[in-house]
Amino acid sequence: MHLMYFTEQPMSTYSEDAGREFGATALMFSNRHFNSEDGSRLYNERIEEYQYAEEMGVDGIMLNEHHNAPFCMQAKTNIFCSILAAVTKRVKIVPLGNPLPLAENPVRLAEELAMIDMISKGRLVSGFVRGGGQEQLATGVNPAYNRERFEEAHDLIVKAWTTPGPFRWEGNHYHNRVVNPWAVPLQRPHPRIWIPGVISKETVIWAAEHRYPYVCLNTTVEGTQKIWALYDDAARRVGYQPGPENRGYLLRVHVADSHEKAERNAREFLWMSGEFTGLAHPVWSNPAGYGSPNNRRAFVEVAAGRKLNPRAAPYEVQRQNLSIIAGTPDEVIKDLRVIMEATRPGIFAFWGNDGHVSHEDSMSCIRLIGQEVMPAVREIGKELGLNSPWEADAPVSIAYSNDLQPMAAAD
Amino acid sequence: MTTTAPANAAHTEDFIEVAGLKLHVLRGGNGKPALVLHHDLGNTGWTEFYQALAGSSAIVVPEHPGYGQSERPQWMRSVRDIAAVHQWAIQALGLKDVALVGLGFGGWIAAEMASLAPADFRRLVLVGAMGIQPREGEILDQALYNHIAYVRAGLHDQALFDTLFGADPETDQLEAWEIHRDMTFRIAWKPYMFNPTLPHLLGGVQAPALLVWGDDDQIVPRECADLYAQALPNARIELVRDCGHLVDLEKPRELAKLVSEFLA
Chain A
1 MHLMYFTEQP MSTYSEDAGR EFGATALMFS NRHFNSEDGS RLYNERIEEY QYAEEMGVDG
61 IMLNEHHNAP FCMQAKTNIF CSILAAVTKR VKIVPLGNPL PLAENPVRLA EELAMIDMIS
121 KGRLVSGFVR GGGQEQLATG VNPAYNRERF EEAHDLIVKA WTTPGPFRWE GNHYHNRVVN
181 PWAVPLQRPH PRIWIPGVIS KETVIWAAEH RYPYVCLNTT VEGTQKIWAL YDDAARRVGY
241 QPGPENRGYL LRVHVADSHE KAERNAREFL WMSGEFTGLA HPVWSNPAGY GSPNNRRAFV
301 EVAAGRKLNP RAAPYEVQRQ NLSIIAGTPD EVIKDLRVIM EATRPGIFAF WGNDGHVSHE
361 DSMSCIRLIG QEVMPAVREI GKELGLNSPW EADAPVSIAY SNDLQPMAAA D
Chain B
412 MTTTAPANAA HTEDFIEVAG LKLHVLRGGN GKPALVLHHD LGNTGWTEFY QALAGSSAIV
472 VPEHPGYGQS ERPQWMRSVR DIAAVHQWAI QALGLKDVAL VGLGFGGWIA AEMASLAPAD
532 FRRLVLVGAM GIQPREGEIL DQALYNHIAY VRAGLHDQAL FDTLFGADPE TDQLEAWEIH
592 RDMTFRIAWK PYMFNPTLPH LLGGVQAPAL LVWGDDDQIV PRECADLYAQ ALPNARIELV
652 RDCGHLVDLE KPRELAKLVS EFLA
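Chains A and B, in that order, are what the protein sequence lines are.
Our numbering puts the first residue of the first sequence at 1, with every later residue one more than the last.
Our numbering puts the first residue of the second sequence at 412, with every later residue one more than the last.
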């Protein structure tokens with residue numbers, strides 16, 4: 001198994017009263033409530049925690065990116081990737097991921113990622129995402145072309161990584177006169193690409209068709225199983241047998257010395273008004289053209305305020321159905337066995353700390369995850385045959401697969 | 412879709428094919444032709460405004476590509492593309508000596524059409540037209556508001572919303588607004604709702620122009636009427652009292668009177 005550590009990097013000192021008063025904590029919630037002195041401290045605490053996670057034995061550091069909101073302080077995931085490339089020695093650096101449609105020049109992303117891969121001596125795993133709806137508004141990118149831009153930027157980046165330049169790119173959304181970056185990845189044919197997501201069927205199928213591992217972000221066990229069914233169908237259709245090496249799972253797991261402390265800190269996973277991303281207007285989260293037309297009728301009712309925005313279940317319910325796991329190492333290992341048996345991921349990310357959990361408690365959680373929980377999870381993984389992409393020696397993509405047996409077309 | 416038109420309003424609806432697209436066209440009335448271009452919300456049926464104007468003009472209302480029953484062109488990228496499609500539609504319909512009446516977003520399309528063919532049109536009427544960037548403030552960005560809030564922002568008299576669309580608009584209506592919003596984003600996202608080159612291209616327009624603005628337009632700043640008046644060689648402004656952006660829905664008879672007198 002490949003075991004990672006993750007935190008949203010919360011801006012935990014923003015004014016919650018101001019957020020409640022404004023009625024939203026995203027996009028339009030004023031950054032006058034951002035305090036740079038706290039920001040400076042929090043960024044540096046995170047760097048220390050990531051280094052400690054490596055020391056404690058994690059395999060990878062998972063990172064992400066969001067804009068205009070206190071729930072995540074990473075406005076550019078490649079900055080943290082670059083820092084980790086220099087200050088860590090062994091862990092995989094796993095941005096999940098760069099929001100491709102936000103890029104006006106994907107070749108720039110290809111260059112940044114190539115630099116990170118070389119500086120880290122080949123430790124980059126490159127995640128790609130569409131970016132949340134609000135991200136499109138925050139960066140002025142047209143939501144109506146989100147998926148088209150995602151796919152085209154991906155194609156251009158992979159080509160820039162694998163095809164010697166110079167070449168010209170005249171696409172639908174991107175036009176590059178001379179693609180010839182003097183920075184190409186160390187890993188050959190290119191760094192592994194993983195696709196994280198929550199819900200969108202189109203993305204699950206796209207990932208499966210490219211043979212990229214799909215990482216379920218904080219989905220329920222049942223939701224995760226449905227995603228695998230969809231993924232597996234698409235995988236078999238294009239000719240390979242999917243396994244744990246194609247499956248990633250991010251779950252909120254807080255570990256502490258005592259059960260009480262773990263429960264108290266785990267409640268911080270719902271620190272932003274009961275949600276982990278805070279509150280936003282539905283038309284910000286899902287601007288026209290961004291979502292699937294299949295969900296449109298339901299969405300307009302939500303946008304009109306006539307149907308409730310699906311809210312996170314109460315803490316107790318999420319603890320009960322193992323959407324949140326918390327406890328001492330022994331307690332957590334027991335729950336994780338249930339999760340591993342039910343979802344069989346070869347890639348697993350511990351979302352360890354969020355909200356107002358202190359730096360000290362975060363460090364303690366990281367130590368317990370790395371030293372006590374992960375060794376046990378590795379054993380469970382071995383017993384269940386949960387191989388990571390490296391353990392399975394999986395090809396980086398469908399294009400580099402030589403074991404394909406596409407299903408015969410039905411008569 | 413809700414419509415304010417009486418059920419027996421004399422108009423016809425059919426489809427024409429232009430630029431490889433099926434366009435839905437509503438027609439009614441007698442006189443010289445007036446091409447009426449609808450809002451970004453989509454066309455709301457054969458409205459009271461159309462009916463009132465039909466007494467003096469032959470009204471032709473093509474639904475814009477991607478709006479209402481007109482087919483969505485996946486390739487379309489700009490408001491000028493719509494202008495070219497409607498120019499083609501005029502030819503396909505065999506219309507001569509045409510006046511353009513553009514409502515809001517449709518006003519922007521009408522202005523683009525006039526700039527592309529400055530000698531072609533008999534008269535130009537722009538009602539609360541988008542298309543030119545105000546020097547102060549901005550054209551209200553629907554991306555930040557839900558569909559009902561955006562439509563309501565277009566009305567001075569809030570009670571009128573219930574009459575026009577129902578206190579609780581039907582899901583079909585909400586979905587239509589969402590589809591139209593998607594199409595609007597596809598062609599007018601950035602810059603949002605204006606074309607920086609348009610003011611420079613209106614100086615050759617020969618048709619007399621009438622600029623009608625609601626005195627309480629919360630969507631397109633009143634200043635934009637002045638900017639259109641500066642850019643067009645022969646234009647005058649009429650303000651409609653106690654009226655928002657959706658002048659044709661809020662003061663249909665008053666607008667029809669202004670327009671029919673101007674077109675006469």
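For the record, the hints were derived by calculation from the structure and aren't laboratory data.
Fair warning: there could be bad hints in the mix.
As the list claims (entries may be wrong) - Covered by chain A, per the in silico footprint, the following chain B stretches (three or more residues, Cβ under 8 angstroms):
id, segment
1, 553–565
2, 581–588
3, 597–609
Source: prediction; values computed, not measured.
Using N, Cα and C, we set each Cβ at its ideal position, and we do this for glycine too.
Going through the hints against the structure:
1. 553–565: This one holds; 6 residues, not fewer than the three required, reach chain A with a Cβ under 8 angstroms.
2. 581–588: holds (count 4)
3. 597–609: holds (count 3)
Comparing the model with each numbered hint stated earlier shows that all of them hold.
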